[in-house]
Amino acid sequence: MRRILAVMERDLLRVLRNPAALFSSVLLPVLYLLILGNSLNGPLTGLRLGVVSADQGPEARALLGALQAVEQGPGTVVIVPLDDPVRGFALLHEGDISGLLVVPSTFSHDRSHGLAASAGLYVDNVDAVAAGAIEGAIEAAVATADQPLVRFERGLGPAAVRPQEIYPRVDYDTSLIPGVVVMSLFMGSMLSGAFNLIMDRFLGVHESFLSTPLRKADINLGILLSGTVVTLASSTLVLAIGLLMTGARVHGGLAGYAALLGVMVLTGLGLLAMTMTIMGRAGHPRIAGVLNGFLSVILFFPSGALYPLASFPGWLRAFARIDPETHAVAALKAILFRGGDLSAAGQHVAFLGAFTAVMLVVSTLAMKRTL
Amino acid sequence: MNPELAIEVRHVVKRFGKLAAVDDVDLEVRHGELFGVLGPNGAGKTTLVRMLTGIVSITSGEASVAGIDVRRDPDGVRRAIGVVSQALTSDLDLTGLENLDIYARFFDMSRSERGPRIEELLRVVGLWDRRKSLVKTYSGGMRRRLEIARGLVHAPRVLFLDEPTIGLDPQSRLVIWDLLRDLRKGSDLTVSLTTHYLEEAEALCDRVAIVDRGKIVALGTPQELKARIPGSDTVDLSLGSPPSDARLAELGALAGVRDVARTADGVRVRADGGATLLPRLIEILRVDGLQVTAAALQRISLEDVFIHFTGRTLREESSAAGQGFVPPRRFT
Ligand SMILES: Nc1ncnc2c1ncn2[C@@H]1O[C@H](COP(=O)(O)OP(=O)(O)O)[C@@H](O)[C@H]1O
Ligand SMILES: [Mg+2]
Chain A
279 MRRILAVMER DLLRVLRNPA ALFSSVLLPV LYLLILGNSL NGPLTGLRLG VVSADQGPEA
339 RALLGALQAV EQGPGTVVIV PLDDPVRGFA LLHEGDISGL LVVPSTFSHD RSHGLAASAG
399 LYVDNVDAVA AGAIEGAIEA AVATADQPLV RFERGLGPAA VRPQEIYPRV DYDTSLIPGV
459 VVMSLFMGSM LSGAFNLIMD RFLGVHESFL STPLRKADIN LGILLSGTVV TLASSTLVLA
519 IGLLMTGARV HGGLAGYAAL LGVMVLTGLG LLAMTMTIMG RAGHPRIAGV LNGFLSVILF
579 FPSGALYPLA SFPGWLRAFA RIDPETHAVA ALKAILFRGG DLSAAGQHVA FLGAFTAVML
639 VVSTLAMKRT L
Chain B
3 MNPELAIEVR HVVKRFGKLA AVDDVDLEVR HGELFGVLGP NGAGKTTLVR MLTGIVSITS
63 GEASVAGIDV RRDPDGVRRA IGVVSQALTS DLDLTGLENL DIYARFFDMS RSERGPRIEE
123 LLRVVGLWDR RKSLVKTYSG GMRRRLEIAR GLVHAPRVLF LDEPTIGLDP QSRLVIWDLL
183 RDLRKGSDLT VSLTTHYLEE AEALCDRVAI VDRGKIVALG TPQELKARIP GSDTVDLSLG
243 SPPSDARLAE LGALAGVRDV ARTADGVRVR ADGGATLLPR LIEILRVDGL QVTAAALQRI
303 SLEDVFIHFT GRTLREESSA AGQGFVPPRR FT
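Chains as they are written, first to last, in this note's numbering: chain A, 279 to 649; chain B, 3 to 334.
Rather than coming from a laboratory, the hints here were simulated on the basis of the structure. Don't take every hint at face value.
[What the hints assert, rightly or not] Not everything, but these chain A residues come out facing chain B in the computed CB check (under 7 angstroms):
| no. | residue |
| --- | --- |
| 1 | ALA284 |
| 2 | ASP361 |
| 3 | GLY482 |
| 4 | LEU488 |
| 5 | LYS646 |
| 6 | THR648 |
All values derive from a computational prediction rather than experimental measurement. The C-beta atom is built at its ideal place from N, Cα and C for all residues, glycine as well.
Extracted from the complex, chain A is given alone in its bound form:
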């Protein structure tokens, strides 16, 4: 035990005396939270929509009125009135407007006669997200325009309606917290643990370890424990900043906090041991850099931290199920958002526990005790 603690203390002291790297494992996830929270899923606004209306009838005016309501309200679109569809297509092509709505002269007539009336919507699908938002806004407008009519006129032609679901911004931010906490755990494990060992080896400092009675397990556990302290410190900071930024609360009182910390320790240790298993024998820090970049992508994006798992294709969902970050995100979400019912995290914690235990054993066995 004395030897493990000595290895751990040595590692920790060196990390503490070079704190710059630590800051980045806090700063980056917090920046992520700020940028993603405000850009990705906050409602889009200010998209320019060209409107060419050849119809002065009541249905067309109702539709335009509903669009103006969207312009005034959520502000998803800014209406650019145009006379000439050809000019409209040119603007669309140049990217000056993101969508073009062409209402034909027969629109009101067809609708009031119970025929399927269609207005042409052309969207710049180079930007799929903006295109989706415009489509959503217009469908909402069509639905609104319909409503008084639905009640009074049975013979009305069908107009497609799609429910537009926009999270309140704060909630999306909040739902990102588990993801950024896991991200900071990963970054912390990247900057400590195996990386320190590889750096020692690269610098030749490692040789001084090898001529001592330190066993594989002493070296491995010492390094992993110091890495755990480092990752726990930075991820706790990220969690605290995230909670403050979004105003979210941790349910379940002390037990809730303890559960969060427990999941973070387990995840940090598991990721550290996994990294040690994969790159513990590398001789050059560049190898660690490349592998870390790769791991960070394949572990983080499928983890459900940003997008719900259900929307993934089957093969990706299968991978996500064995991705430790998936279970870490799910466990943290369960603890944070399910009103303090900690048992909801149970199966994920069990997975993390098993994963970490296996990685600890494998990384110790795979440790290189000679030069």
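Given chain A's structure and the hints, the job is docking chain B with the ligands onto it.
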């Protein structure tokens, strides 16, 4: 194996692929001896030390250190030895004291054992006053002294020093030499020192093994090694005019003279006991009325021994090979 020996090496080989870095080496080092392994860069010195200290595996052969079989009980060996490796391996971000304290804990030393031992060693190596400074503020010589102290912290029976003065300025080198002499006073510490500096081997070592290309080419005390070379002294005489063949033949016939040769401005005589021969040499040359304008007597060095056994000079070899592996400096 023989318990009388501090280090025993039998037919030890280390291969890296096709290269035999250490090629069938036999060695015996007695307790308390300061044993030198002298050879140019790439001779296999570091590889030999690494095998004996359990850092790389032994391809074949047997070795024991402090009476413990290196292959059978590497942990036992590691407890019995101290190692100061060729590369500087102390932690730059730790203080001198922290470096020693943590290292001592690797050997399971308790706090009460560590405290006095570390203080004693830091005082011996002259770093007690700087113990709380980060090692990155140390000079190369200070760092090396710290690492020697670190190698001794658990009171090993055998200390391995791999090129302890490589890269140091002459002054720091002398400090390390004095330190090593002091450390041995009144102790039965066995020291195995590798070096490619002849002066170092001559100044410090009780016995020296000369290695070249993985093999031991000569072994003995520095005096023995020198004595093994015929014509161990060189006398250079500068003359006013060239000597006659008859006089050269007369010089060559003197007892103890091994070889006589013309040089650009005179004659070179290689002989045993050059100092006592010198007056006689001058006397003979004077017979022809030759002016001896300068006389230089060069006693043989290990350099000549090295050339004798390998046909190459140590210096050319080491400058051509540069410094060997130098770990990159870390950015601080
Ligand atoms: N890990 C290694 N892999 C391959 N070759 C090596 C390795 N270590 C040393 N060598 C080679 O073995 C030879 C002896 O090297 P070394 O023991 O470092 O010599 P020295 O310490 O005498 O300068 C050299 O030719 C060197 O290139
Ligand atoms: Mg060497």
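Looking back at the numbered hints, which does the structure fail to meet, lowest number first? 2 and 5
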